[in-house]
Amino acid sequence: GIVITAFDTLLILALQNRGFRRLEAIMLALVATIGVCFFIELVLIKPYWPDVLSGFTPSLSAISDAAPLYLAIGILGATVMPHNLYLHTSIVQTRL
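Here my numbering is used: the first residue of the sequence shown is 3, the next is one more, and so on.
If you're looking for bench data, these hints aren't it; they were derived computationally from the structure. Warning: the hint list may mix true and false statements.
[Claimed, not checked] Cβ-Cβ distance ranges computed for the label pairs, FRET-style:
hint, residue 1, residue 2, range
1, 86, 13, 40 to 48 Å
2, 17, 49, 31 to 39 Å
3, 63, 5, 40 to 48 Å
4, 15, 48, 37 to 45 Å
5, 90, 36, 33 to 41 Å
6, 27, 88, 34 to 42 Å
7, 95, 28, 17 to 25 Å
8, 74, 18, 32 to 40 Å
9, 5, 86, 19 to 27 Å
10, 33, 12, 20 to 28 Å
11, 24, 95, 16 to 24 Å
12, 12, 86, 17 to 25 Å
Every residue gets a Cβ at the ideal spot worked out from N, C-alpha and C, and that includes glycine.
Produce the entire structure from the sequences given, and follow the hints as far as they go.
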């Protein structure tokens, strides 16, 4: 696991020297691949669509019970990390 992580890090650093556009294009392709695979899986499993759509609407029980609320806050906190915001700000500033 460590070797793969080190290789990925070195690969991203090597691509960074060639410009952010190429790195962004690669990341966009990876995210698009994940999105396409998600929608293919949705079509293959043939879900009951009203239940799928109801999962996107928040319910008051999620706010009134503390355990799911803490879980949601933890997921949000793990996704929006301060060092990640700093990195993205630095990337945007190079284009100004």
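Checklist line | Violations among the numbered hints | finding: 1, 5 and 6
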